[in-house]
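K.L.:
Chains as they are written, first to last, in numbering that gives the first Met the number 0: chain A, 0 to 253; chain B, 0 to 253.
These are calculated hints, taken from the structure and not from any lab test. Here the structure is a predicted model, which means the values were calculated and not measured. It cannot be assumed that every hint is accurate.
For the chain B half of the interface with chain A, some residues (derived, Cβ under 8 Å), not all of them [said to hold, decoys possible]: (1) P41; (2) D227; (3) G240.
With a straight-line cut-off of 25 Å between C-alpha atoms, the simulated SDA-like cross-links for lysine to any residue are [as the list claims (entries may be wrong)]: (4) B:K198 / A:Q247; (5) A:K216 / A:E43; (6) A:K216 / A:L199; (7) B:K166 / A:E43; (8) A:K216 / B:K198; (9) B:K107 / B:S159; (10) B:K70 / B:R40; (11) B:K198 / A:G170; (12) B:K166 / A:A161; (13) A:K216 / B:E4; (14) B:K166 / A:D182; (15) B:K198 / A:A161.
Derived coverage of chain B by chain A (criterion: at least 3 residues anywhere in the stretch with Cβ under 8 Å from a Cβ of chain A; other residues may be distant) [unchecked claim]: (16) 67–81; (17) 203–209.
Quick reminder that beta carbons are idealized off the backbone N, C-alpha and C, glycines included.
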Amino acid sequence: MSNNQLEGKIALITGGRGGIGRGICERFSTEGATVYAADLAKGEGEMPSRVQYESLDVTSESNVHSLMAKIESEQGKLDIVVNTAAIEIEKTIEDTSLQEWNNIFSINVTGTFLVSKYAIPLLRKADGGSIVNFGSYDGFIADPGLSAYCATKGAIHALTKAMACDYGPEGIRVNAICPGYIDTPMLQSFFGESGDIESLKEEVRNIHPIRRYGTPKDIAGLVAWLSGSEAGYATGQLWVLDGGLSAQAQQMRL
Amino acid sequence: MKNNENKVALVTGGAKGIGRAVVERFREEGMTVLACGRSARPADLDKAIDWHCVDVANLEAVEALRDAIKKKYDQLDVLVNNAGIQIEKTVLDSTDEDWDLLMGVNAKGVFYCCRSFMPLMIANGGGSIINIGSISARAADPEMALYNASKAFVHGLTRSIAVDHGKQGIRCNAICPGWILTGLADAAFELASDPVAAKKDALARHYIGRFGQPRDVANMALWLASDDASYATGQMFTVDGGLTAASPVNPGLF
């Protein structure tokens with residue numbers, strides 16, 4: 000497909016300096032969008048062209064509110080919101096403290112709620128807006144020791160459908176991408192100290208029908224499609240992107 | 000990986016409706032496009048389209064088409080299994096002839112095409128198979144028993160091909176269109192006691208405020224055919240304007 004599919008579009012990407020967020024910012028930049036990459040910290044590395052860093056704590060209502068005010072004064076509208084900001088806690092529920100539980104929900108779920116809530120008035124000012132949330136493969140099928148994370152992603156799936164129903168009549172489309180195993184710092188953390196990391200990675204690759212795990216670039220390709228006019232009829236859906244992992248039944252080691 | 004301009008694609012059921020839109024969309028992207036159908040070449044078809052008169056339920060005809068593609072192009076990158084028919088009957092009303100006709104095209108035809116064309120795709124490093132599934136495979140449309148079942152077959156076959164042939168570079172996905180305005184949808188409305196009221200009610204259940212167009216499905220097919228989708232496999236991607244995101248119990252419509 001030709002470049003510049005998002006020419007003239009104004010986009011806000013939360014978690015824009017994280018693994019997947021960076022991939023989306025790069026892709027949006029080549030597609031001609033003006034991008035606000037919002038995150039807790041700017042981190043290392045250069046920003047792609049037309050990508051502007053904004054400090055944002057998605058759990059803070061006042062913080063979200065002032066960022067929207069800034070975008071409104073600079074652009075007068077917002078075409079695209081991508082709610083990427085999320086954390087993972089690798090624990091069972093017994094080991095998860097109430098504070099940890101509330102923390103992951105406030106970032107993964109409340110953050111998506113707050114950013115979407117205050118973005119809607121700006122999306123109305125665009126000619127048809129798009130929100131892309133981040134659900135997960137884990138919202139359908141659990142990974143062991145990841146209970147709170149799985150629960151937040153299930154919540155995002157339901158929220159996505161509800162928002163699609165409520166705002167579809169105003170031309171605002173809402174979808175969620177559900178990544179499988181994507182090569183990011185979060186995945187490295189999930190692999191953790193599990194013995195021989197290279198043989199573990201090889202095994203994970205081989206479980207995938209497509210024989211590799213995903214990259215932020217793979218995710219960015221779908222975000223770009225869902226955010227553009229080609230996807231004008233796509234709304235309320237959960238888009239699983241996992242290299243065929245969830246198409247395959249669990250394999251017994253016989 | 001190849002750019003779209005270097006790809007050779009085959010679309011079954013390419014004379015009208017969704018298939019025709021896919022043919023035209025692929026052609027706009029510069030692909031070499033072959034299309035087939037049971038009828039003679041449509042008079043208004045772009046001269047650049049390589050048309051073949053083929054009934055996908057006829058193995059000899061499918062294999063002859065394969066031989067022709069091998070001889071002329073020695074390459075096939077994208078296969079869109081779109082040919083499909085619909086019979087509006089319950090199980091009790093369905094005859095053996097209905098079964099043979101519908102399952103011949105919707106199930107056996109997809110199997111024949113996948114089996115016949117996949118070796119050519121694999122020989123060139125792989126490719127993308129795009130099947131047309133349906134939202135009716137997940138929740139049944141009344142009085143469409145064999146059609147619903149045939150689409151569930153398509154979903155199962157899609158996952159199997161993704162799982163079995165992913166390591167050979169084959170990606171296989173299905174698109175599940177909602178109500179797309181084609182001859183099939185009009186035929187369904189005509190069955191209603193009050194077709195005008197039925198259409199109004201159906202429209203209200205599409206949260207995006209319109210019915211789908213064949214081009215909406217073609218846009219999704221183009222994305223799945225492209226290298227942007229290189230991690231997408233084994234999935235059923237629904238494009239339905241929000242229809243299946245919502246509960247059918249909608250008090251606003253009563």
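K.L.:
Could you run down the list of hints and mark each one as holding or not?
P.N.:
Verification of the supplied hints:
no.	hint	in the structure
1	P41	violated, 25 Å
2	D227	holds, 3 Å
3	G240	holds, 5 Å
4	B:K198 / A:Q247	violated, 38 Å
5	A:K216 / A:E43	holds, 19 Å
6	A:K216 / A:L199	holds, 23 Å
7	B:K166 / A:E43	violated, 36 Å
8	A:K216 / B:K198	violated, 41 Å
9	B:K107 / B:S159	holds, 15 Å
10	B:K70 / B:R40	holds, 21 Å
11	B:K198 / A:G170	holds, 20 Å
12	B:K166 / A:A161	violated, 37 Å
13	A:K216 / B:E4	holds, 21 Å
14	B:K166 / A:D182	holds, 19 Å
15	B:K198 / A:A161	holds, 23 Å
16	67–81	violated (count 0)
17	203–209	holds (count 5)
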